[in-house]
Amino acid sequence: MRILLTLLFLALLVLGVWTFTDAHNHAWWLPPNVSSYGGDIDRLFYLILWMVGFFFVLTEGLLVWCVFNFGRKRTTKADFTHGHHKLELVWTAVPGLLLLVITFTQMQTWAKVKFKSNFPDVKPICEVWASQFDWRMRYPGDDGKFGTVDDIENPFEFVVPVNEPILFNLRSRDVIHSFFVPYLRLKQDAMPGMVIPVWFQVEKEGSYDLVCAELCGWGHYKMAGRLKVVSRAAYDAWLKKSKEEMNSNGSEDKS
Amino acid sequence: MRDASSTAHAAHAAALHPGLGAPGTVHEIHEHHEIGFLRKYVFSTDHKVIGIQFMFTGLVFFLLGGLMAMAIRWQLAWPWTEMPVVGRVLFPNTGRVISPEFYTMLFTMHGTIMIFFVIIPLLTGAFGNFLIPLMIGAPDMAFPKLNMFGYWAMIPAILCVLMSFALEGGGPAAGWTAYPPLSTIEKAAPGSMHGQTFWLLALTFVGASSMMGAVNYVTTIVKMRAPGLTMMRLPLSIWGLFIAALLQLFALPVLTAASIMQVLDRVLHTGFFTPTNLLVNQMTPESAGAAAGGQPLLWQHLFWFYSHPAVYIMVVPAMGFASDILSTHARKPLFGYKPMVYSIMAIAGLGFIVWGHHMFMSGMNPALGMTFMVSTILIALPSCVKVFNWLATLWGSRIHLTSAMLNALAFVAMFIIGGLSGIWMASTPVDIYIHDTYIVVAHFHYVVFAGSVFAIFGAIYHWFPKMFGRQMNETLGKIHFVGSFIFTNCVFYMMHQIGIAGLMRRTADPYAYDVYAHLQPLNQFISISAFCLFAWQIFFVVNLFHSIFWGKRVGRNPWNACSLEWEAPSPPGHGNFDKKLTVHRGPYEYGTPEVAEDYLPQARSI
Amino acid sequence: MHYTLSTATKTSLASAPEVQDQILGSLEMLFGTPQNPSYLRTKDWADAEFDPNHAELAADAGGTGELAESEMNGVKADNLVRFRSQLEQVARRDYAGLAEFKSAPHLSDRVAAIVADKELAEDKRQADLKALFENYYPSLRDSTELYRQQCLHCHGVEGGGDGPTAGSVEHPFLDPRPRDYRLGKFKFTAVKDKARPRRQDLYRVLDQGVYGTAMPSFRRFSAAERWGLVDYVRMLAIRGEVEHDLVITFQDDEHLTAEAPLAAFQDVWTKWQAAKEKVVVFEGDVPAPTPAMLKRGDELFHDAKKGNCASCHGDMGLGDGPAAYKLDDQGHRVPAYTDDWGNPILPRNLVQGLYRGGRRPIDVYRRIYAGINGGPMPGIGESKDADGKLVLPPEDMWALVHYVRSLSERDEAVAGGPIHGMTPPGEGGGGGN
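Residue numbers (my numbering), protein chains in the order written: chain A, -3 to 251; chain B, 1261 to 1866; chain C, 188 to 620.
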């Protein structure tokens, strides 16, 4: 019985270590990063992973050993002790120090992503409007202003040029939504009544899923979008084509 | 106690509690020997009966909440597939398939029920009531009638929460966090009609119930301890319950106020949380007569100001139970009693200044996010101290692998995981990625399910003899434990993986996204494990009911434990103790060289 | 599972249950069941090698016979993305697990058949599979699965707009209600004369969504899948219309002949095919707005003899004109109009700038020109005055279009602009450190 139960607790330890070594092979892991600051976030993720991994193995290992070794039937009494000051000081101070390290290493990256003082000095490329249950990207027309009749509205697809800092304004028409692109490591809630500027820079062309990460009602799962990253030339061409489509006279519908 | 004379009792009680009323008052309580069935078992003022009432209410709701979890898991594994058996009855209009708004209601109610009707009532309601007077050597709570009202305030809460299912539009569907404007605008969600209002009322009643309990626990612990039982000689269960009660006292008023504000927003169209200029379902809140001009973030602040401490309400007593069970069944004193007490206090204290970590992505000022990150990372420290102290308690001990002990060991093993994964969430930059993903789901299920629920199982196995005078079946208990442990980890550990892959919470059908499509097989594995976990609880149910009626009869102290509750008869009669108690030492004198046995009870003088 | 009759049919034929059965039986013969929907293939179609079921033709490079070449190219381009991994597998000649498409059972069957065919040469097998994926176009049976997953909970099994998410009749939830296809009326199309929608019109709705309603954009699905959904919706609409026509026929003739269902079906089918000729197009370039035009538009908007828009849409375009409301028995102000589905309806608030049928000038032009089918909005593009002259000649039409569109610029606060006094985070306070 003791051996069986030891193995049971050992299994948890093995499960923990196994998943972190093998999960990559099943893509049960971070999707590839394509943004300029995603690498920093991933590094912090791994830093914490190593730290908690160490403590996970240490504590679970101790637990398994205790069950195995002290679970034996013995006739003698247990060690009679109420504590040990120095030991306790060590396991308070060491994790405390590590936590401090974690805290201070995080701050720079957080500031880089979210502080307005660190935002790139560019004009917002578009307004991203979230509503139940779709994303709509509103690009300014020739006048460069939002909220005018020549705006270009694109549902679902957020087209941006590659390798350029992108700034956009996140807005919501009804309830709280959340702009989440897993490949960018970027998330920001869209709060009704607030205009929230967000920035990112993508370093690889491609199409990346944009999802809503905050419960926004029954159709939450339906609220799909796509971040389409293209070359500057392709972006300009797309913008030009969209502007032309705005002025269509409908003849393309005639077959 | 039936064989003891009532006068002796009164004298004893009066001697124990000089501070509480004239001896006559106490005497009067003990005169009611011939009370009817209704007064004895239903409208009882006896803390033990109330505790057991809370326990069974909690367990029934545990079943209900579990069933909802099963439906959620069905949808996540095989989205839009006919549900076997129940599909025909529940979803006739959709081809026996869960509809998306029903799914939304399911996870909303699953969270609500598990938190407010299962974990909190089981920990503070059931064990708080049952254990506090017994473990501090008191005949009952300080305010027995208030205690009774505390349970009966749960009844309107239960009615409200059950009614919200049946109302037009279905149950509330804004998540257990009820973020406005989704929750304040009727047109935003089908269940956001009357269902949401009743949900808020239910919350208010639960709050009232907890408040009455908390006042009672604090008063009882402060004023009614047996002679010699100083605060620093209290068992950690009592410390946990005491701190949890304080947390409730300070945090609950905020939630109650906030839910009343939201009720006002919904019913009287005030404008606390609903901003101007929304357009929901073709309607602006203003056109429906709402004042608007509110701020949704206000709700998040108020809600989390309560609900973050609530997380500690849900785990601090469990830590106490685990400490007691570990020490008792390992036959070794608890390592570092004082640091354990201080770390509970630190967790509670810091628990009040970390609520903002739920809001890192909310659009709150990012500088504020940094402050909350610091306080949140700090709170890992006392938890860390506790884990090491538990492990040190086990080191050099004589572990008896009873069902209670196994569950307590599992609590430690899995609380470690829940605690460690919290560090990712505390770190603001990493939280940008993992906020509202399944890592968060894995994290809080490891703390609340794998942690608190296993501690509750352990506590039931451990204190069952005191409740019913019989012991639970150890074989069934071990079978229950092994299966539960395996399946719990299969379910919740794997949620970390889908969370790291970026899957967001509360999604009815994620597989239409390229980035999540490959996660379906893993989700199916999780769901099958979850069904097994649910089915496995049959061993517990059988064991529970079998043992109540046919379990092995035991004496006062089947575990050879040291704390005061084991001095009372099993089960204790009205008034609890049949002898005068004086406390001489702390609660964990196991393996002491002072006596021949390996334990020295608190109340024995040598 | 079977399709059922609409509530309206059941009510009007309450006294004749055998006719209900007869209609239900004919409809099932014509359109199949929810698990296996397909049109009864008429002789004409067989002669013309036309198959709206798209059961077999899709594998031919020629496509479905209903898509234009550019549309088919779009389908193929999307297929290359959607079946990326399958095509890679085929290239490796690794056929394991290739035939598992939960939301496309028909495709799965066809893949499985090719994989299992032992007679086939390996090169041919590879080529066939490649062609199948590249030219994939869903059959109705494939689309019913996607419809069930994505559309059914609002639009209902039969497309009656009565799914559970729509709310009940007594307590509707979604506003506006999901479209009931069964009248064959679709609001946002490019056609005039209340014609049936073209398939392209339905496709555009799936592509763009209907902004301001619960109908989102479904661009997350490939072009083939969206065209498939369009075909399935068309099938449901035609089925509903046939059902409706049969009820009328029975009520007129007091009996139903055996030929009636097929006749009704062919009649409705012809109407759907006729829509192609009804597209509203402006010959010439869309003129850019000028201040003079906007001023002219303003006049037309308020002129009761010209646009007469203000009577419903209100002086300010807020959708609160005097004709939009009436007083009910209790003296409450209620919507004056109901749409063809019986739902009370209010004019659009034009200041919000949410255009359901699209926000391009030509979209607004088409709304004004042809009206909105099923709703009270009339089309005035071809209205003539007593002298036989157009009420709104083209230059006036565009003046009105540009004026209507400019209303959304008028008040940023109403249109959802920034709220005064509220600073975005990071702008003030500590965010700037």
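Think of the hints as simulated: they come from the structure by calculation, not from any bench.
Any given hint could be a false lead.
[As the list claims (entries may be wrong)] In silico contact screen, one side only, chain B against chain A (beta carbon under 8 Å); selected entries:
no., residue
1, Pro1360
2, Thr1364
3, Ala1433
4, Trp1436
5, Gly1549
6, Ala1551
7, Leu1558
8, His1561
9, Leu1562
10, Phe1595
11, Pro1599
12, Tyr1602
13, Leu1641
14, Ile1659
15, Arg1766
16, Asp1769
Beta carbons are placed, not taken as given, at the ideal position from N, Cα and C, and that holds for glycine.
So, going through the hints one by one against the coordinates:
1. Pro1360: 5 Å, holds
2. Thr1364: With a minimum Cβ separation of about 5 Å from chain A (threshold 8 Å), the hint on B:Thr1364 holds.
3. Ala1433: OK, holds: B:Ala1433 within 8 Å of chain A, min 7 Å.
4. Trp1436: 10 Å, violated
5. Gly1549: 18 Å, violated
6. Ala1551: 14 Å, violated
7. Leu1558: It is violated, given that the least Cβ distance between B:Leu1558 and chain A is near 11 Å, above 8 Å.
8. His1561: 13 Å, violated
9. Leu1562: Violated - the Cβ of B:Leu1562 stays beyond 8 Å from chain A, reaching only about 15 Å at its closest.
10. Phe1595: Hint holds; B:Phe1595 Cβ to chain A Cβ min 6 Å, cut 8 Å.
11. Pro1599: With a minimum Cβ separation of about 6 Å from chain A (threshold 8 Å), the hint on B:Pro1599 holds.
12. Tyr1602: 10 Å, violated
13. Leu1641: This interface hint holds because 5 Å falls under the 8 Å limit.
14. Ile1659: 4 Å, holds
15. Arg1766: Since chain A brings a Cβ to about 5 Å from B:Arg1766, closer than 8 Å, the hint holds.
16. Asp1769: Check passed: Cβ of B:Asp1769 comes within 5 Å of chain A, closer than 8 Å.
Of the numbered hints given earlier, the model fails hints 4, 5, 6, 7, 8, 9 and 12; all others are met.
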